[in-house]
Structures are given as C-alpha cells and as structure tokens.
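Asker: Sequence:
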Amino acid sequence: MEDCTPRDIVIPLDITLELQKQIMSELEILYKCDSSYIIGFYGAFFVENRISICTEFMDGGSLDVYSRIPEHVLGRISVAVSAFKGFVSMPHFGSLADVKPSNMLVNTRGQVKLCDFGVSTQLVNSIAKTYVGTNAYMAPERISGEQYGIHSDVWSFGISFMELALGRFPYPQVRLHSFSVSRLLPSHPILCLVPSQDPPVLPVGKFSEPFVHFITQCMRKLPNERPAPEELMVHPFVMQYNDRNAEVVSMWVCRMLEERRSQQGVQ
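Numbering follows our numbering, with no gaps: position 85 of the sequence shown is 786.
You can take every hint at face value.
Per label pair, the in silico range of CB-to-CB distance:
#1 P904 with L718: 43 to 53 Å
#2 K733 with A947: 23 to 33 Å
#3 V766 with S737: 18 to 28 Å
#4 P771 with M725: 32 to 42 Å
#5 F758 with N925: 33 to 43 Å
None of these hints come from the bench; they were simulated from the model. Here a beta-carbon is modelled for each residue, glycine too, at the ideal position from N, C-alpha and C.
Kindly produce the complete structure, drawing on both the sequences and the hints.
Answerer: What follows is the structure in structure tokens.
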C-alpha cells in the first residue's frame with residue numbers, strides 16, 4: 702500500500718515582472734476558492750525574478766501519464782471535475798481555462814483535484830473574452846479566435862475524458878500524447894482539424910450509453926448546444942458514480958503506481 706501521509710512540495714518557477722501581476726491574480730483566486738476539488742495552496746514567495754509556489758502534493762500525479770482509464774474510475778473522476786466546474790462557473794469566478802488531463806490530479810487516498818488555472822480571470826481583459834494561446838483541448842471557437850466562455854470549458858472537459866477513456870488523443874490523425882499537445886504552434890494540423898471537422902465519437906459497443914451521451918453532449922460543435930458546467934453535475938453518467946466512494950479511485954491509483962514500479966524494476 703502507498704504511503705498516504707500528506708506532503709508538501711515546492712516548485713520554483715522563473716518569472717518576469719510582466720507576469721508577476723498575472724500570478725498574483727491567480728493566487729488571489731486560489732485564496733478565494735474554498736473547494737475540496739482544488740489542490741491546497743499554502744503560499745508563495747518571490748526571490749528576484751523567481752516565484753516559489755507551495756501547494757499540496759498529489760502522489761498519484763496527473764492523469765495524462767496513465768493509459769486507458771476504466772469507465773467506473775472515470776465516473777468518480779468526473780464527479781470531482783464537474784463539481785469543480787459548476788463551482789467556478791458562478792458569476793464571480795467567470796471562466797477558468799486549461800481543462801485537460803495534465804491538470805487533473807489524483808492521490809492514493811482516492812482524491813481528485815485540479816490545478817493550473819492558466820491565465821487569471823482577474824486580468825484586465827477577461828479570460829472569457831480574450832484569446833490567450835492555444836492548446837489541443839481548446840474548443841473550436843477558441844482555436845478560431847472567437848469569443849468564448851464557460852461552454853468552451855465543457856468541450857475541453859469532453860475531449861479530455863474521451864482521451865482518458867481511449868488511452869490516446871481522440872483525433873486519430875494526431876498521434877501525440879496529451880503532454881506533448883498541450884501547447885501547439887499555430888501551424889500544427891490539430892488547429893485546422895478541430896474547427897473544420899465533425900467532433901470525434903467513441904467506438905460503438907465499447908462504452909456505456911450514459912458515458913457516450915455525456916461525451917457527445919460535451920463535444921457539440923456549437924457552444925450553445927453544449928450543457929453548462931452546472932448541468933454536467935446532474936447528468937446520468939455523473940450521478941451514477943456520485944457515491945463518495947473514494948476507495949475505487951484509491952485502489953486504482955495504488956495499483957497503477959505499483960505496476961509502474963514493477964516495470965521500472967524490470968528495466
């Protein structure tokens with residue numbers, strides 16, 4: 702069994718003066734967010750042009766490093782992520798970007814939490830109105846440079862969970878793992894595929910009907926056809942697994958970590 706003792710970790714980040722205000726706004730959001738679905742924030746300090754941010758340590762790491770995740774585990778993960786998105790979709794939080802597997806964290810206690818809010822909603826230009834870089838999990842309207850908001854996050858939610866269910870990025874033309882498609886150059890083919898093609902679909906007969914419907918609804922091409930974040934919390938797929946059973950995720954994380962250690966031992 703894994704050591705489940707809570708631990709802290711300090712990650713130093715290089716920072717310019719220009720980014721300092723952005724990060725301070727991010728930290729302000731962390732202070733305001735009182736949610737069990739967000740990694741704990743303990744503080745930060747500046748030294749010259751560097752900032753060290755102290756947060757809770759999630760010993761299972763981020764979901765982008767795992768292969769295909771079983772549906773019953775994804776169901777418990779979806780409860781946490783949808784609850785978080787419903788929480789931050791309230792008017793005083795606006796829209797938080799960067800919903801993707803690398804920002805979904807798990808630990809051996811079965812907890813699921815999110816991190817890395819991208820660029821703060823407290824910036825002078827609202828994140829719900831301004832184009833701020835491109836990653837492969839962005840909704841079509843974001844990639845096209847159009848205005849976007851909370852329904853764009855729902856697309857990111859859907860494509861992320863589709864990747865976790867398949868064990869690969871949903872667009873078969875893009876043979877890249879999530880960690881390598883988080884930030885893309887403007888010329889990358891995925892930036893043409895997402896706005897121009899129909900959304901990918903799950904293979905027939907591989908997944909339950911509620912999960913297929915959940916993903917299909919999240920990945921509607923038009924933003925106004927997607928459910929709002931708070932609606933995700935009452936979707937049948939999410940409700941089915943809203944049993945507060947952390948043991949399911951805990952056992953899965955511990956098993957995956959043990960398999961990883963065994964493979965490293967063989968090498």
